[in-house]
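Residues -2 to 126 in our numbering are what the sequence shown spells out, letter by letter.
Keep in mind the hints are simulated off the structure, nothing from the lab.
For each residue, glycine too, the CB sits at the ideal point set by N, CA and C.
A couple of the hints might just be wrong.
Distance ranges between label pairs, derived from CB positions [to be verified]:
no.: 1; residue 1: Asn59; residue 2: Thr9; range: 33 to 43 Å
no.: 2; residue 1: Gly74; residue 2: Val3; range: 25 to 35 Å
no.: 3; residue 1: Gln7; residue 2: Thr53; range: 44 to 54 Å
no.: 4; residue 1: Glu87; residue 2: Ser46; range: 15 to 25 Å
no.: 5; residue 1: Glu87; residue 2: Asp8; range: 32 to 42 Å
no.: 6; residue 1: Thr9; residue 2: Gly74; range: 31 to 41 Å
Capping the alpha-carbon separation at 30 Å, the derived lysine-lysine pairs in DSBU-like fashion look like this [said to hold, decoys possible]:
no.: 7; residue 1: Lys2; residue 2: Lys26
no.: 8; residue 1: Lys22; residue 2: Lys32
no.: 9; residue 1: Lys2; residue 2: Lys22
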Amino acid sequence: MSTLKVNSIQDTSGSNGSTSEEISKGRAKVWVNFKGSGTLTVNESFNVSSVTDNGTGNYTINYSSALSSANGCSVLGGGRGDSNFNMHVETDTTPSASSLHIKGSYDWAGGGANANDLSRAYVAVFNDW
-2 MSTLKVNSIQ DTSGSNGSTS EEISKGRAKV WVNFKGSGTL TVNESFNVSS VTDNGTGNYT
58 INYSSALSSA NGCSVLGGGR GDSNFNMHVE TDTTPSASSL HIKGSYDWAG GGANANDLSR
118 AYVAVFNDW
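Working from the sequences, and respecting the hints, build out all of it.
Listed below in structure tokens is the structure:
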């Protein structure tokens, strides 16, 4: 296997570039867009081997390649498609280097949080390899 060592990489116009450190540390190492209600469907992903449906509003994103640690930054979003609810997406447990556990819940007019499937979920994880 050959190794290519450079200080930066640019597109052919020379206007969009990245340093090797940005590529190593600053790009999402995991991302996924999935439908979590009904039959779970992964729409698009990077470095995701599978998404497990653990029950109502409860999911595990399993990575294809483990990260260097569990200390990265997870960015989460999603919803259930009903504007009358305040939807929450959050990590449920401490993340690991090989997976992330998330849950979806909602509250109805301040009535407390209730577990609920996510009709759409978006997750990105920034970390080192």
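Right, here's what the structure says about each hint:
1. Asn59 with Thr9: 33 to 43 Å: holds, 36 Å
2. Gly74 with Val3: 25 to 35 Å: holds, 34 Å
3. Gln7 with Thr53: 44 to 54 Å: Between Gln7 and Thr53, where Cβ atoms are some 47 Å apart, the hint holds.
4. Glu87 with Ser46: 15 to 25 Å: For Glu87 and Ser46 the Cβ distance comes to about 22 Å; the hint holds.
5. Glu87 with Asp8: 32 to 42 Å: holds, 37 Å
6. Thr9 with Gly74: 31 to 41 Å: Hint holds: Cβ distance 33 Å, inside 31 to 41 Å.
7. Lys2 with Lys26: Between Lys2 and Lys26 the Cα gap is close to 21 Å, so the pair holds against 30 Å.
8. Lys22 with Lys32: holds, 28 Å
9. Lys2 with Lys22: It holds: about 16 Å lies between the C-alpha atoms, which stays within 30 Å.
Of the numbered hints given earlier, the model fails none.
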